[in-house]
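Novice: Take any residue in the sequence shown, count from 1 to its spot, add 7: that is its number in the working numbering.
Hints in this document: simulated from the structure, not taken from any laboratory. Each residue gets a CB set at the ideal place from its N, CA and C atoms; glycine is no exception. Keep in mind that a hint or two might mislead.
The following label-pair restraints were derived from C-beta to C-beta distances [said to hold, decoys possible]:
no.: 1; residue 1: 128; residue 2: 78; range: 50 to 58 Å
no.: 2; residue 1: 32; residue 2: 93; range: 53 to 61 Å
no.: 3; residue 1: 18; residue 2: 77; range: 45 to 53 Å
no.: 4; residue 1: 93; residue 2: 61; range: 28 to 36 Å
no.: 5; residue 1: 76; residue 2: 51; range: 24 to 32 Å
no.: 6; residue 1: 15; residue 2: 114; range: 18 to 26 Å
no.: 7; residue 1: 93; residue 2: 37; range: 15 to 23 Å
no.: 8; residue 1: 87; residue 2: 18; range: 18 to 26 Å
no.: 9; residue 1: 33; residue 2: 121; range: 43 to 51 Å
no.: 10; residue 1: 15; residue 2: 81; range: 42 to 50 Å
no.: 11; residue 1: 114; residue 2: 44; range: 28 to 36 Å
no.: 12; residue 1: 47; residue 2: 86; range: 32 to 40 Å
no.: 13; residue 1: 85; residue 2: 117; range: 31 to 39 Å
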Amino acid sequence: NVVAGAVPLLTLHLRLSAGAAAGNVVAGAVSLTVIEMLNKFSVSYGTTDAAVVDYRDGSHAAGDLQTEAVVAVGAHAYADESELVNTAPFTGSSLTTAITVVEHYNRAATASAEATSSYACAS
Numbered sequence: 008n009v010v011a012g013a014v015p016l017l018t019l020h021l022r023l024s025a026g027a028a029a030g031n032v033v034a035g036a037v038s039l040t041v042i043e044m045l046n047k048f049s050v051s052y053g054t055t056d057a058a059v060v061d062y063r064d065g066s067h068a069a070g071d072l073q074t075e076a077v078v079a080v081g082a083h084a085y086a087d088e089s090e091l092v093n094t095a096p097f098t099g100s101s102l103t104t105a106i107t108v109v110e111h112y113n114r115a116a117t118a119s120a121e122a123t124s125s126y127a128c129a130s
């Protein structure tokens, strides 16, 4: 089907080496040229420089490459037991349960994990 306007043709994911320093920006590091576009009858109808959409506003002829460290951006906690009843007045023994904290990171490819940072719990 032919549609008016922009048609996304490619999504590109880049993988950096493990030693790449966080916090670097390489201006104009990514660009793309479409050599030939064919319709369903194999008739050529286009050669052009592609637009790059990155962290900046709008589209550009070349995209910047920005590296960031993987950091925790959120967390949630849960108890091993979903309901605790304060039976201490009746039994004289306090009731305890373990709390697990899971951190979530700024990269979708990095799985959430049990927290290694320090968290405090108070009631």
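Novice: Now tell me, hint by hint, if it's right for this structure.
Specialist: Cross-check of the supplied hints:
1. At roughly 22 Å, the beta carbons of residue 128 and residue 78 sit outside the given window of 50 to 58 Å.
2. At roughly 54 Å, the beta carbons of residue 32 and residue 93 sit within the given window of 53 to 61 Å.
3. In this structure, residue 18 and residue 77 break the distance hint of 45 to 53 Å, their C-beta atoms being roughly 21 Å apart.
4. For residue 93 paired with residue 61, a C-beta distance near 54 Å fails the hint of 28 to 36 Å.
5. Taking 24 to 32 Å as the suggested C-beta distance range, the pair residue 76 and residue 51 does not conform, at roughly 44 Å.
6. About 22 Å separates the C-beta atoms of residue 15 and residue 114, a value consistent with the hinted range of 18 to 26 Å.
7. At roughly 59 Å, the beta carbons of residue 93 and residue 37 sit outside the given window of 15 to 23 Å.
8. Checking the proposed 18 to 26 Å range against residue 87 and residue 18 shows it is violated: the Cβ atoms sit about 41 Å from each other.
9. Between residue 33 and residue 121 the CB atoms are about 35 Å apart, so this pair departs from the stated range of 43 to 51 Å.
10. Checked against the hint of 42 to 50 Å, the pair residue 15 and residue 81 fails, with Cβ atoms roughly 29 Å apart.
11. Range check, residue 114 to residue 44: about 33 Å between beta-carbon atoms, so the 28 to 36 Å window is met.
12. The beta-carbon spacing between residue 47 and residue 86, approximately 58 Å, falls outside the hinted interval of 32 to 40 Å.
13. The supplied range of 31 to 39 Å is broken by residue 85 and residue 117, whose beta-carbon atoms lie about 20 Å from each other.
Of the numbered hints listed earlier, those contradicted by the structure are 1, 3, 4, 5, 7, 8, 9, 10, 12 and 13.
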